[in-house]
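These are the residues of each chain, in order.
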Amino acid sequence: MAVLPCGVHSINYSQDKAFIRTPAQWICFIAFLLIVFAGPFFLPPRMLGIIIITGITTVAVVGLQITVGLTGQINLGQSAFMGMGAFTTATLAANFNLPFWLSIPAGGIGGALLGAIFGIPALRVKGFYLALTTIAAQILFPLLITRMPSKWFGGANGLGLAPAKIGSFNLQSDQSLYYLIMGVTVIMLSFAFNLTRSRVGRALMAVRDNDIVAEIMGINLFTYKTLAFGIGSLYAGIAGGLWAYYIRYVMVDQFSLWFSVWYLGMIIVGGVGSILGAILGTAFLRALQELITIAGPWFGQIFPQAGGGALWFSGMNIILGGVIILFLIFEPKGLAHRWNVLKHSFRIWPYPYL
Amino acid sequence: MIDFFQYLLNGIMVGLFYAIMALAFIIIYRAGRILNLAQGEVVVFGGFIVWTFIAGASFSLWIALPLSLVAVVVLGFLVERGFFRPMIGQSIFANIMITVGLMVLMRGLMIVFWGANARPFPIIFSLKPIILGPFTFTRSIFFGAIIALAVFIITHWIFEKTRWGLGLSTVAEDHVVAQSMGISVKRSIGIAWALGFIVSTLAAITFLSGQSINFLVSEIGLRALPVALLGGLESIWGAPLAGILIGVGEALAGAYLDKYTMGAMSEAFPFIIMLVILLIRPQGIFGWKIIERV
Chain A
56 MAVLPCGVHS
66 INYSQDKAFI
76 RTPAQWICFI
86 AFLLIVFAGP
96 FFLPPRMLGI
106 IIITGITTVA
116 VVGLQITVGL
126 TGQINLGQSA
136 FMGMGAFTTA
146 TLAANFNLPF
156 WLSIPAGGIG
166 GALLGAIFGI
176 PALRVKGFYL
186 ALTTIAAQIL
196 FPLLITRMPS
206 KWFGGANGLG
216 LAPAKIGSFN
226 LQSDQSLYYL
236 IMGVTVIMLS
246 FAFNLTRSRV
256 GRALMAVRDN
266 DIVAEIMGIN
276 LFTYKTLAFG
286 IGSLYAGIAG
296 GLWAYYIRYV
306 MVDQFSLWFS
316 VWYLGMIIVG
326 GVGSILGAIL
336 GTAFLRALQE
346 LITIAGPWFG
356 QIFPQAGGGA
366 LWFSGMNIIL
376 GGVIILFLIF
386 EPKGLAHRWN
396 VLKHSFRIWP
406 YPYL
Chain B
183 MIDFFQYLLN
193 GIMVGLFYAI
203 MALAFIIIYR
213 AGRILNLAQG
223 EVVVFGGFIV
233 WTFIAGASFS
243 LWIALPLSLV
253 AVVVLGFLVE
263 RGFFRPMIGQ
273 SIFANIMITV
283 GLMVLMRGLM
293 IVFWGANARP
303 FPIIFSLKPI
313 ILGPFTFTRS
323 IFFGAIIALA
333 VFIITHWIFE
343 KTRWGLGLST
353 VAEDHVVAQS
363 MGISVKRSIG
373 IAWALGFIVS
383 TLAAITFLSG
393 QSINFLVSEI
403 GLRALPVALL
413 GGLESIWGAP
423 LAGILIGVGE
433 ALAGAYLDKY
443 TMGAMSEAFP
453 FIIMLVILLI
463 RPQGIFGWKI
473 IERV
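Keeping their order, the protein sequence lines are chains A and B. In case it helps, the numbering used here puts the first sequence at residues 56 to 409. In case it helps, the numbering used here puts the second sequence at residues 183 to 476.
Treat the hints as calculated values from the structure; they're not laboratory data. Please note that the accuracy of each hint is not assured.
Said to hold, decoys possible - Subject to a maximum C-alpha distance of 27 Å in a straight line, what follows is the list of computed DSSO-like cross-link-like pairs (lysine-lysine):
{"id": "1", "chain 1": "B", "residue 1": "K343", "chain 2": "B", "residue 2": "K441"}
{"id": "2", "chain 1": "A", "residue 1": "K206", "chain 2": "B", "residue 2": "K441"}
{"id": "3", "chain 1": "A", "residue 1": "K388", "chain 2": "A", "residue 2": "K181"}
{"id": "4", "chain 1": "B", "residue 1": "K368", "chain 2": "B", "residue 2": "K471"}
{"id": "5", "chain 1": "A", "residue 1": "K388", "chain 2": "A", "residue 2": "K398"}
{"id": "6", "chain 1": "A", "residue 1": "K181", "chain 2": "B", "residue 2": "K368"}
{"id": "7", "chain 1": "A", "residue 1": "K388", "chain 2": "B", "residue 2": "K310"}
{"id": "8", "chain 1": "A", "residue 1": "K181", "chain 2": "B", "residue 2": "K343"}
{"id": "9", "chain 1": "A", "residue 1": "K72", "chain 2": "A", "residue 2": "K398"}
{"id": "10", "chain 1": "B", "residue 1": "K368", "chain 2": "B", "residue 2": "K343"}
{"id": "11", "chain 1": "A", "residue 1": "K206", "chain 2": "A", "residue 2": "K220"}
The shape of chain A in the complex, shown without the other chains (with noise of 0.2 Å):
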């Protein structure tokens, strides 16, 4: 807590652990949740579609967050883990008349049972072992999903499933969806904050630095590790859940490998092992997403030849291979650190250092 402006002394533990300390970080506190409450009001209806795929991607990449940036364990199978969340959800509204506040932590739940299989050969594997797991997970979990009997999840035709209900009414709009999904990721995203300075967040980060050392602290390295992907896919289960009400269509392509590799993309640009980053990283590689999706007819225009659809996806391919391969080599620390940067040379203008 290095921002504080000065004057400001902690009396009392309460004090020093909580978030939001001082009345200008109350009044900014408000004002943002204000922000959030009014946004139906008054963006345009393409603007809220963004907004709430940008909501249910950052759940998922925070949640890749917890596992990769704070647990240092590989996963290139965070897009499955949301899948399996979307499915399970989605299988429960269609086939079993759940409710969505129900559904959606089913799928949660879902998404972590699978994760947390895939995250046991992390006790005996790391690195790119792990990786490799991660992928096997990827590619198993369509050929898995779609054998399945058709009445279960759809087979490879999809399931489709029924707005989400508060007693008779439909939330079927995106202004109702909206304050759904915003909801949510408020939730999970403060659930998050406050799990790096539990006593789960800081074993997670001593088993990151270096897993032998701490078990010899008294860290029980299966538990934790399983735990790590456990809630790391509970958060990606908890966006599948919101993305299936969102589209309210669900089918494996939509979780491929290919999402797993933007997800990736969007924490090392925000900056690997901050959550803050996580969410920078996700609002940046969007607003790219949204870029080329604008940019993309206008390019079509010049190059004919390349074909419209064909053109999309290569430029969102370049952009993303490019922007990862870049932040690896000039800014491996992403955007998380540069905001701190710039938070702590406004702290102390006009003085260089302090």
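Start from chain A and add chain B according to the hints.
Relative to chain A, chain B alone:
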């Protein structure tokens, strides 16, 4: 019974093809401790370069082949210099992610250069099947297996007998030791990438002959991962053995189990094997068990 042996022999040959791709993995991994997840893209990129020389510029095979090999060697050195040299000494996560970045980038570039539509790859081995007694083989797979064996013998010779190859083996053992013996680690990693690109291009030629090529073919690269892992990521001769094991298992699973699983078993088999290896013996059959000290 004849059917069974036919499946077995086909499995062996497909397995040898997987083994060449796994070899490219292994060469690159040994030198730089980099697990190249972009392997499939490298294969298809090499394939597209061959396509450009044969179908695009209409050279004959014997001119096109050396030209393509020179091109991929240059490409291999460039990739190493541009993307992997800055990564020396970085975390494993960064090293994996840069290959993932390369994978996505190469896919995008392939669409820009060669379009997204499937194109017919020139027929290098004629489409007439080879008939030996009661067995029939696709000619490209048959010659692919022979080329694979030749590639393995040549690679073995390079790594055991030539000065560069011995240097590469030392680099595989320990970067610091190699450097203090006067072997340039950087140059060795560069050579490893060039070799990996050559082997990948040979794999592309045998696999794609007479087939169609587009960027989606690169999915095949992921299927070579289990082979490299089963054989051991450091072992050259582990790859053909593991390739044969996995190829045969996949062929038999395809023949006898696919009817019960709607075609999923032959696709899933290599990855199920991979998970089992990761749980039981992560270093594979012939890999090096590296003891970690704190």
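- Is the Cα-Cα distance between K388(A) and K181(A) 27 Å or less? 22 Å, holds
- Proposed proximity, K220(A) with K206(A) (alpha carbon, max 27 Å): 23 Å, holds
- Is the Cα-Cα distance between K368(B) and K471(B) 27 Å or less? 24 Å, holds
- Between K388(A) and K310(B), does the CA-CA distance stay at or below 27 Å? 56 Å, violated
- Pair hint K343(B) and K441(B), alpha-carbon separation not exceeding 27 Å: Outside the cut-off at roughly 48 Å; violated.
- Given the proposed pairing of K72(A) with K398(A), does the C-alpha separation stay at or below 27 Å? 21 Å, holds
- Can the restraint linking K181(A) and K368(B) be considered satisfied, given a maximum Cα separation of 27 Å? Given that 27 Å is the threshold and the Cα spacing comes to 25 Å, the pair holds.
- Message: Hint check: K388(A) vs K398(A), CA-CA at most 27 Å. Holds or violated?
- Response: This hinted pair holds, its Cα atoms lying about 16 Å apart.
- K181(A) paired with K343(B) [C-alpha distance capped at 27 Å]: 34 Å, violated
- Task: Could you grab the alpha-carbon distance between K368(B) and K343(B) and see if it respects the 27 Å cut-off?
- Result: The hint holds at about 21 Å.
- Holds or violated: K206(A) to K441(B), with C-alpha atoms at most 27 Å apart: With a Cα-Cα distance of about 20 Å, the restraint between K206(A) and K441(B) holds, given a limit of 27 Å.
Comparing the model with each numbered hint stated earlier shows that hints 1, 7, 8 do not hold.
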